[in-house]
Amino acid sequence: MSTADKTPLLTVEHLTMRFGGLVAVSDVSFTANNSEITAVIGPNGAGKTTLFNCITGFYTPTVGRLTLRHPDGKEYLLERMPGFRISKEAAVARTFQNIRLFGGMSVLENLMVAQHNKLMRASGFSIAGLLGLPTYRAADKQAVELATYWLDRVKLLEFADWEAGNLPYGAQRRLEIARAMCSEPVLLCLDEPAAGLNPRESAELAELLIFIRDQHQTGLLLIEHDMSVVMTISDHVVVLDYGRKISDGDPAFVKNDPAVIRAYLGEDEADEPAAAAGEGA
Amino acid sequence: MTAISQTRPPRLDWPAILRDAGLAALVAFLLTVPLVGFRTVDRPTGLGIELHINEVVAAIALVFLGRVGLSMIRSGVALPVLVLSLVVAVAGFFINLPTETLRVVMIGGGLVIAIRALITVMTHRSKLTQAERDRRMDRIGAKVQHASRYLAPVGILFAAAFPMLPIADRHLIDIGILLLTYVMLGWGLNIVVGLAGLLDLGYVAFYAVGAYSYALLAQYFGMSFWLCLPLAGVLAALSGVLLGFPVLRLRGDYFAIVTLGFGEIIRIILVNWYQFTGGPNGITNIPRPSFFGIADFSRTGANGLPPFHSLFGLEFSSLHRIIFLYYLILILALVVNVFTLRIRKLPLGRAWEALREDDIACTSLGIDRTKIKLAAFAIAAMFGGFAGSFFATRQGFISPESFTFIESAIILAIVVLGGMGSQMGVVVATLLVIGLPEAFRELADFRMLTFGMGMVLIMLWRPRGLLAHRDPTIVLYKNGAGAAAGEKGA
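Protein sequence lines, in the order shown, are assigned to chains A and B. According to the working numbering, the first sequence is numbered sequentially starting from 1. According to the working numbering, the second sequence is numbered sequentially starting from 1.
No false leads were slipped in.
Lysine-lysine pairs mimicking DSSO-like chemistry, simulated, CA-CA at most 30 Å apart:
(1) A:Lys118 to B:Lys371
(2) B:Lys143 to B:Lys478
(3) A:Lys118 to B:Lys345
(4) A:Lys141 to B:Lys478
(5) B:Lys345 to A:Lys88
(6) A:Lys141 to A:Lys155
(7) B:Lys478 to B:Lys345
(8) A:Lys74 to A:Lys118
(9) A:Lys155 to B:Lys478
(10) A:Lys88 to A:Lys141
(11) A:Lys6 to A:Lys88
(12) A:Lys155 to A:Lys88
(13) A:Lys141 to B:Lys143
(14) A:Lys155 to B:Lys345
(15) B:Lys478 to A:Lys118
(16) B:Lys371 to A:Lys141
(17) B:Lys345 to B:Lys143
(18) A:Lys118 to A:Lys88
(19) A:Lys88 to B:Lys371
(20) A:Lys74 to A:Lys6
(21) A:Lys141 to B:Lys345
(22) A:Lys6 to A:Lys118
(23) A:Lys118 to A:Lys141
(24) A:Lys155 to A:Lys118
(25) A:Lys88 to A:Lys74
(26) B:Lys345 to B:Lys371
(27) A:Lys74 to B:Lys371
Since the hints were derived computationally from the structure, they do not count as laboratory data. Given the structure is predicted, the values throughout are model-derived calculations rather than measurements.
Full structure from sequences and hints, please.
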């Protein structure tokens with residue numbers, strides 16, 4: 001974990017998000033490293049999804065700074081960017097807790113839409129594309145190749161021409177990850193990717209996430225309730241409770257942190273083994 | 001109503017049926033007395049009122065019987081109703097009736113109930129569930145879509161050859177021009193509504209901008225049609241962008257309402273800016289198009305251009321101009337069609353469709369929603385502008401009367417009935433929505449009634465439109481193996 005290429009990718013400093021009188025996230029700071037899986041866990045209502053929405057530009061944080069540093073050293077202040085530019089320029093991709101695919105479009109089309117900005121440039125903002133110039137056709141072919149690569153990775157290659165909305169639930173989750181990866185992100189944010197998956201599918205998902213981390217040098221930030229997934233694959237765990245950060249460290253440290261055990265199991269059972277947090281470890 | 005739906009097995013609950021039919025007859029009474037019963041007539045002494053009691057009574061009787069028939073169908077006694085209603089419809093043809101109106105109502109009503117009974121009889125026989133039937137309709141839609149690969153060239157060839165056919169007279173070519181104008185408008189609006197999923201209720205505004213652009217440019221600067229056509233498109237696109245900026249942050253219903261308002265604003269400006277637009281009087285003597293600036297269609301030639309017929313060594317005929325206009329709108333419409341078919345396969349078109357499916361996911365993929373929507377709006381507006389300036393040059397006269405909300409509604413109806421996003425659907429729907437009322441002009445007011453009835457029937461039968469089937473814009477498995485698997489899973 002202390003290898004040289006693991007530089008801080010995302011630095012969250014004093015992030016606070018208020019909705020009127022409700023403080024959903026309060027003064028949270030942490031870093032997520034390049035080529036690492038950082039998990040954000042916490043009981044229901046701890047502010048995990050709000051944190052995600054701040055990072056991916058769906059909310060503008062009330063207070064705080066979000067710095068994304070690309071491997072080439074370029075820095076982006078995410079809290080100042082409108083939603084679409086966070087994906088377009090800062091290369092942050094995300095998936096959603098309740099899957100958001102383009103249900104009426106085919107699986108392959110979903111992945112082509114993910115490469116919109118690249119293809120838009122190649123198509124000369126549609127003019128070269130309308131004329132059918134070879135530069136666009138080459139870019140289109142490359143985009144299909146990238147899509148095919150990720151379809152193969154998530155084991156959906158044979159379903160390429162299916163309507164995305166007709167896929168089974170687990171496949172839709174995998175497709176959403178493939179779609180996010182087709183936008184070639186440096187940071188991939190996954191909102192409960194294992195929700196609703198059976199144990200075998202969860203294991204496959206863990207494998208896929210590790211593959212993305214190791215082979216594509218992408219930083220992963222995930223919210224997850226499935227502790228078997230979190231504890232096996234995470235390099236770094238951040239625990240939120242009532243909008244505050246209560247623990248931060250590697251999985252083994254977090255699992256035994258009394259504050260975490262208290263948050264999950266309540267005050268009186270602090271001496272119990274960390275059943276919830278340690279389920280799958 | 002509820003009493004009847006509870007008696008599902010074929011046992012007739014006569015009191016409930018009669019009560020229900022009585023209620024329907026009461027409603028019919030309340031409606032027909034003012035609508036049918038009293039009729040104003042022009043008398044030498046002024047306006048007078050005529051009473052048509054017999055028509056009211058007949059209408060109420062028909063509603064009562066029809067309602068009984070419907071209730072019986074719902075209780076499972078469809079076959080006798082089918083026979084009876086057919087008898088009524090046929091009788092309508094032969095029996096001597098006091099008025100022609102009554103005959104139409106009798107035949108129409110009898111046929112509607114007969115169709116309803118026939119559907120029930122058939123569904124009882126087929127034992128298919130609603131979902132299975134829906135899927136079968138979808139497959140038919142898909143087949144038509146695939147057949148359109150062969151149908152489309154045949155249709156285009158027919159459209160191109162149509163003015164040369166012996167049956168084509170001035171009236172038919174005029175109808176052809178009208179149909180093609182609506183097909184073009186439908187295809188243009190399809191970009192916004194069908195692809196980008198933005199419900200635009202004010203499309204006619206861009207049509208008006210195009211028409212007035214040409215008319216005013218010609219009137220004030222004497223510019224020719226061929227110069228004005230692109231300018232009208234540009235101006236309409238600009239007005240689309242102008243409207244788009246404040247409106248595109250709205251969603252769904254709110255968006256629709258603002259576009260509706262915009263359509264009216266344009267019309268009201270045209271009515272009230274008397275000094276510039278001529279107000280309700282409109283603009284007259286809009287110049288006719290020349291033959292690409294080479295020749296003129298008048299007998300003696302005009303504006304220093306030689307007459308068309310002598311240039312090509314033909315007999316003079318006033319039809320030449322009409323045929324030329326026909327081909328002009330055919331080409332304009334085909335340009336829109338080719339554009340849409342191509343743009344669907346480009347990132348911009350895919351982004352439009354993605355926007356329709358889920359705009360939040362679009363943002364998360366780095367798509368700038370505002371720009372994409374603006375592009376859709378501006379392009380559709382441009383095509384509306386082209387159609388508008390064509391309309392102006394064809395009519396030679398425009399006034400705000402031609403750009404009322406009903407025009408927007410008709411164009412939208414064409415897109416929705418055809419099946420959103422379906423190019424072939426627009427053509428079929430135009431034939432139904434514009435062609436049928438044109439063909440049944442003799443029926444006068446009743447054609448609008450049948451038009452409404454047709455719309456209701458289509459919405460009941462195929463709520464997603466006639467040809468609602470979407471083909472993917474790109475396929476990985478060219479032989480269709482993947483698509484077949486997709487259908488199995490569907």
